[in-house]
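Everything in the sequence shown is counted per the numbering used here, starting at 1 for the first residue and increasing by one.
Just so you know, these hints were derived from the structure itself, not from any lab. C-beta: ideal position from N, C-alpha, C; glycine also. Check the hints yourself; a few may be wrong.
Okay, the calculated beta carbon distance ranges per label pair [claimed, not checked]:
(1) 65 x 22: 36 to 46 Å
(2) 71 x 22: 26 to 36 Å
(3) 100 x 25: 24 to 34 Å
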Amino acid sequence: MSSPHAYSEAVRAALVALDEGRTPERPVLREAVRTLLAALADRAPGRSVEVRVPPYGAVQCVSGPRHTRGTPPNVVEMDPPTWLAVATGRQGWAETVTEGRIRVSGNRADLSPYLPI
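With the sequences and hints as input, model every part of the structure.
Dropping the structure here:
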């Protein structure tokens, strides 16, 4: 975890809960997800890929053609624990995509150059 965002209290608390086999409290998990999504948007500015972590947040990032209407052609979607794992480097991007824990569509939807945050 190289970003100061990764060391926020919410991210730390969520990771500790997950490490202990507990589900993080909803407000903590929401804040951790949103903090790391914002850090990704800062690290990979742009609007060509939409990263969704329902139900807590979504951001557009990665430079390239901007999408403005309907479903974007480049979408990445995963659950909150998976997002925390790949964003903080606890799990690798490629292996997690291969396992089917991350759904990707579009030729620009590879976030591996920007992870871990």
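Verify the CB-CB distance for residue 100 and residue 25 against the hinted window 24 to 34 Å.
Holds: the Cβ-Cβ distance is about 27 Å, inside 24 to 34 Å.
Distance restraint hint 36 to 46 Å, applied to the beta-carbon atoms of residue 65 and residue 22
For residue 22 against residue 65, whose Cβ atoms are near 41 Å apart, the range 36 to 46 Å holds.
Evaluate the given range 26 to 36 Å for the C-beta pair formed by residue 71 and residue 22.
This hint holds: roughly 34 Å between Cβ atoms.
Of the numbered hints given earlier, the model fails none.
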